[in-house]
Each structure stands twice: as structure tokens, then as C-alpha cells.
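Student: One-letter residues, chain by chain:
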Amino acid sequence: MSKPGRHIVQYPKEFSLCAGCTSCEIVCSLLHDGVVGHGYNRIFLKRSEPDMMHTIYACLHCEDHPCYEKCPKKGAAMLLDENGIVSINEDECIGCGLCVRACSFEPPRINMVKSKDKAKRKAKKCDLCRTRPEGPACIEWCPVRCIGMSDEPLPVTAENAAETAGIPANERADDLAYGKA
Amino acid sequence: MTQYGYIGKIARINLTDKTVGVVNTFDYVPKYIGGRAVANRIFYDEVAPGVGAFDPENKMIYMTGPTTGTGIPTGGRSVFCSIAANNYPEQYAWSGIGGWIGAELKFAGWDGLIIEGKAAEPTYVFIEDDDIQFLSAAPLWGKFVHAAQAALREAHGDDVISCVIGPAGENLMRNASLTTSNDNVAAKAGFGAVFGAKNLKAFAVRGTGTVVPADIEKLFYLRKHMGTPYMRPSPVVHEDEHGMDGNRIPVEGGWDRGQVACSHGCNQHCCRLMINIPSAFSEKETVNQVEKCVGIFAYGFQEDCSWSPIMTWETEQNAILPCKMLSDEPPPIDGTDPYIDKLFEHVPGDITNYWKPDFHKGSVMMHLCNEYGIDKWDVIVWYMTWIASCKAEGLLDDLGFDMEPDAENEAFVRYFLDMITYRKGRLGKIFGEGMARATRTLGQEKYAKTIYQGRYSQVVPGLKLDIPVSLESAWGMSYHWAGRGYEATINRPGWLAIALELMTVTRDNQTVAHFHDTYDHLLAIGDDPCHSEVLIDSVIMNENKGEMKDSVSTCEWQSPDLLWTSMEAEMYTAATGIEMTEADINDAAERSKLLMRAITMRNFGRDRDMEVNAVFPTLQYPDPRGETVTWEDWNDFVDLYYRKRGWDIATGWPTRETWERYGLADIADDMASIGKLPA
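Keeping their order, the protein sequence lines are chains A and B. Residue numbering for the first sequence follows the working numbering, beginning at 1 and increasing consecutively. Residue numbering for the second sequence follows the working numbering, beginning at 1001 and increasing consecutively.
Hints are not guaranteed to be accurate.
To be verified - Simulated restraints on C-beta separations:
(1) ARG132(A) x ASN1276(B): 35 to 41 Å
(2) SER1279(B) x MET149(A): 35 to 41 Å
(3) LYS1342(B) x ARG6(A): 51 to 57 Å
(4) GLU1252(B) x ASP51(A): 19 to 25 Å
(5) ASP51(A) x ASP1129(B): 28 to 34 Å
(6) GLU152(A) x MET1403(B): 58 to 64 Å
Don't read these hints as lab results, they were simulated from the structure. Virtual Cβ for every residue (Gly too), placed ideally from N, Cα, C.
Given these sequences and hints, build the entire structure.
Tutor: Pasting the structure below:
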């Protein structure tokens, strides 16, 4: 089993219960691809019915990155940065799916666009939004703060969590609702 | 060219001959927005007068909105439209639903479904992108709701999303619901029975495609601002008590509460998830289930729901969206509000004495409704209150129940729900028809109109309030925020507005049009609401917002936002890229309302006499202050409304000018041809 690196984690329900809204998946695919659809998100909400105790999965950024090693176009279609984060260059990705099969975890943490058009088949993998100054968008936009980074301390209180994210709890009341925007 | 918001096609699914056709969504949009407005047009064009709910000629139209699947909050909601089984008399109606099913259908490449005909054998429809299969439901028939959902996942994979009926729908029980993920149901119209009549157990969907919103920057703005999401942790909390107001009781060992979202992409979590509560089927196992507004009364109903003006009348300083109330997270009160003392006045609910709180029995009642696929609303608000009231008045002795009827006895609740679900015996057949029909079969004078002696006001302490044993309002529905019956504790302008909203539709309108307005308007309405143009404007605003909710789509708990009146138009444009002003979308809502009017007029004989007489008698029982409305005032109120809508005062039928103003000249011609165009 590969050793995980810095990655996105789901907090325990005693801290925050996943509401099942799929905001994490939606925000991910919108920011990266401008669409919403199951083939495009790099984070996964595994729905649990009927108990509604949903589980969130994302790439664990393994230190030995077997997905990268298996890529027939590694260095071109799959890139490895100085922090050990593997990302995908879709212009070069041929959609072969070997990276998905190489993933050490079940379910695999790499998504694949399904399409009858082979040219549209592309791997989609979490890169922790490495070019985004605010960090992973899924974390920022989770309405209930049920996900965070594995190497960061669990926020202690609701107020603390909101401050950490830089989002005032009741922003609209100040800037929009009463005509001050 | 990229298609924004909409997918562009609707599947016409014929169960009789197992064929699938493709309808171009753009035959209907943007003129009819999406959702219910599109369904209204399709139904008007395709279903002739004389068709009943259970006839193969009845069509079940399921529509998403242009925001569905885009990630715009509340867009995950979608709507079913058909002739309803549970209305009295049967009429065309709608029923909204959350979950992930609407988004999944769009991922599969469809904006909606037109389900027609009747399958020869129990069937379910499996939709996987363009591939739509008619499969045998023999292995599913008879299964409870969750077992049927599990069987579909077993057959087609964990990622398949389904919408199913339970045994109640199979047995044409008129309160039967449709259930999708997260215990989301379309319940109000008895559409589960319409599915059952079509031999349709379920449809299940897997989609591999995408939905593309037009304006992603705006979409993120909406995600941050609609409903003011707190963006903070929502922990599971241990509760030591359950219930509200006088129904609150300690729970031995407590229970755990979480909050979940109802639908794909929402930014709120207003559904209360009750975790590890008693199961109806095993003393050893527990279940998780969702409780929304009415569910809390399954546990105890010796006192009605309390009310505060802030729940209906809002100010700039203090406006609380219902989603914040349901998640127990109201925003801080702004003490600078000049009306603060009035807004937050606690108005206690009536003493009802229906049943004492019982956590185990309430959990069992909820679980049985979930698994049988029955509308909880009518079980809690109507069947069981009727049992309690009739028992108190000594009316049940001769009916022939197999055990002592008692709404406080868990064994009786089990027996009764089993009986109506499977329509066992003479009483099962009678009550399986729903309460409106059951009381008519048994005899209205005794079994509906007998006055229950257990209702007392707490607004005027000691005042005894008449209420009939059967809490029927109009169209085969039960009271809802109507000044009497369940959720009676609203002020007079509020219940008059809600009664007027109910009058022109075919079912309880409060799932899309809980009445809201500003406190300034309440002051302007004054003490003569039946002659207030301000109140009429307010009714029309709420009705139009209701049309938008099921069409754009958005949600009753986030709309209307009285401080952001263009919200729905902004959602629409963000989804589709089609410019839509607040005035434009209001016109589209008027158009949808007119289509509903056309359907009820042409197919179901709707006119002024019919609807005024359906609602007025229900308002003759006193509200918590002992007040009613006179025939003269009620008719003046209706006159004002018709005038403002552009409908003829004598008949309630829209004039040609009104039809044409909203681009419906063809319907004006149709109405002229059947003698229903006012001179």
C-alpha cells in the first residue's frame, strides 16, 4: 500500500456531518472544466443510502505515485511537481485509463471522462488546486466545512472554522441584503 | 455550440408500446422557463378533458429546471405533474421533489420525461444516457421503498439514482408518494398511485454527460449569497429532548441529530436527519430518517404549531429564511429593528389534544410511511387526527376496526397504516381512497362535520374553538397554515392570503407558496384585509414566486427572498445565458399560472362558483382569535384578486386581453370555442 502524502480529508461527523449536497464535486468540475458531470470531478462523494452517512474520497497523493509511474506519457500527460503532486496535462492525456488502474486505493481516486469519442476521454485527478492561491476549492466551498487538509489541525469551533476560511458567517447581511453592496 | 442550462431534449416514454420518442425542449423554452411551466404547456396540449388519474391517457410529466444540475443552489429540485390521485375531485396537480434524480437525468441527457400509457406488466424504466430500457419490475413489486432502491442499485450499480413507489403506490392507495434519494418524496398529489396505475414501479437513471452553466462567476456569487450559507461546521449533536412547544418531551438515552441537504448542489442543510432512531421492523436495529416540518408532529400533537410574525412578515433588519429555521440556525436578531417586539412575539398554538408525545411511536409512524411510500402529511395531519377526534367524540364504535382505534397506541398505528397501504378489508378499501373520499363514503355529516370538542385557544386563554373531526380544507387537502386545523396560528391577513392561494389551484399550495411579505405591508393592510390591494398584490407575488420555484427551479425554503426580488431571474440567466429580467420572469410565472388556469377550466370545469364554494366553508371555523370571514368580505376579496389578475369577476375566467398579454392567444381562441372566454 502506498504511503499517503498531504491530501484532502473528511472530518468526523461529530465535527461536521457531510450534508450530501455534492458541492465539493460540483465546485471541482466547474472550476477546472466549466461543467458539472460525474466524469469531471476530482473529489468523490460516495453516497450512502438510506442512512445518509456519506463518504468523501479524494486522491491521497501517494509518495510513490503509482499512477504517474504507470502513465505511458509520464512527464507529458502526467506531471510531477516539486511538492510531489501529480497533475494531468489533458492536452497530452490519451485517456488510456492506466493511471486509474494503477491507483492503490479502492475506489480509485482518479476520474475518467466517459465518451464515445476517444479523443474526449481524459483522466481527471486532484492536484490540490495547486495553481489556485486560495487552495483547494472544494474545501473553500463546502457549506458545512466537513473537509480539510490532512496536515492542518481540525478547527475547534464553528466560529474558528469560519474565520480560518476567511468567510464571515453572515456576509450577505452586511454587503448585499440591505442594499449596501 | 455549447448549450447552457438546458439539455435540449425531453424523453417521451410510452409504457404501452415500450417506445421512446424525443421532444425538443426548445419547443417550449425559454417562453415556459422549464419545470412546471413546461409541464403545464405539455399537459394542456396533450391531455384532453375526461381523463382520470388512473387512466392510461393520463400523462406523468417529470421536469427539471434550467438550473438543475448546474450547481446553482436549490436548482436540484424538480417536479412531477399529472392528474392527481389524491385531489378531490381529481384534477391536474404538481408535486416537487429534491434528491439527486433531477441532476442525474440531465447528466443522462434529458430535461424531462413524458410518461404515457400503461405497462402490461409491472415495469421499471432504466435510463442510461440515450439508452432507455423497459425492464420487468416483477422482482421489485411488493418491495418496500428502500428495498426497491437497494435492488435497483444491486442490479445497475451503486451510482444509479432511482425514483420508486412502495406498496402503497402499487395498491393505488391515493396518498402514495414517489421517493428518491435522501428520503426525498413527491407526496402531496398521490402520484405514487398514478405510477401504480401505470404498472410503473420506478425509473432509475445513470448519466455520463454534463450540464453546462453559462456564467460560472455568477454561479459562485449565487452559491455564496443565496440563503446566506454560514460556511461553518454542522456537527451531529446529541439531543436529550424531542418536539416543540407543548409537545416537547425528554427522550430516554437521547437521540442524535444531523442536518442534510435535500438536493443536488444546495448550499443549505435544512433537512433534519434523525440518526439511529427506532425501526418499525426490528427492536434490535435502528434507522436514520429525515424529518421535515410536519414530521415532528408524528411524535406528539397535543398542541398545534406556534407562530411568530417574523415567520411571515419580515423587515430589512430581520428576515429569516425558512431553511435557517429548519436547521435551527436563525441569524442573530437585529435589535435596531423598530418592530422587533411585534416580530418576535410568540403566538402559542391551539391546544389540540390529539396525542401525547411518544418518541418510539412517532419514529415507527415515520418509518412505516417511508417504507410503504405514503405521504406523511396526510397520515399525521389528517388520518391520525381524525382517529383521535372521532374517538373522543365516540364516532368509531360502529366502524368495525379489528382493534380498538387509538392514535396513541403504536399497535393501532401499525395496524391502520398496514390496512390502508394494502387496502385490506372493507375499511382498508375505504381509507385507502384518502380521507376526502373516505369521509364521503362513510357520511360527511357524522364522519367529517361533527365538531371535535378538544380544541382550545391559547391566544385567548380558555376560548373553546370549534373544529370538525375531519381537517379537510379544499380540493381533498387538509388545512395548512390556514387559521384552523394544523398550523393554525397565523394572523388573519396571513390565513386569508393562504386561502386565496389555495382557491385557484388544485392542491395544498403551501409547499411552494408559504405566504411571506414585509411588515410594512402588514401595517398597510391594516384591519380590513379583504379590501386591501396591498394584500392582493402580495398574494399574486407569492403565487408567481411559487410558479418560478417549480420552473427555474428553486426552493420554498430559499424563495422568496423579499430583500432580493430578482434572485430567480439572476439564477435563470446564470444557468442559461439568456437574459431574463425580474419583470420577464414574473411574466413567465404569470404565463405558467394562466396555463394552470386553462387546464383547470377546460379539463375540470373550474369557475368562480366552484372555487369560491370549495374554500369558503372551510373558513367558517374560528381561528385562534375566534375570527372567521363573512361571505360578503370573502367575495369582495375574490373580486379584488380577479380584477388584479385580469380575470372576469363573474366567472373567474381570464379575458382575451389577459391571455394575449402573456402570449397565449391560442388559448384565448380555445376558450372562445368552448364558451369560456368572457365577453
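Student: Please go over all the hints and tell whether each is borne out by the structure.
Tutor: How the hints compare with the structure:
Roughly 39 Å separates the CB atoms of ARG132(A) and ASN1276(B), a value that falls within the hinted 35 to 41 Å. At roughly 38 Å, the beta carbons of SER1279(B) and MET149(A) sit within the given window of 35 to 41 Å. Checked against the hint of 51 to 57 Å, the C-beta distance between LYS1342(B) and ARG6(A) comes to roughly 54 Å, which is consistent with it. Between GLU1252(B) and ASP51(A) the beta carbon distance is about 22 Å. The supplied range of 19 to 25 Å therefore holds.
The given range of 28 to 34 Å is respected by ASP51(A) and ASP1129(B), whose C-beta atoms sit roughly 29 Å from each other. For GLU152(A) and MET1403(B), the hinted distance range of 58 to 64 Å is satisfied, since their beta carbons lie about 59 Å from each other.
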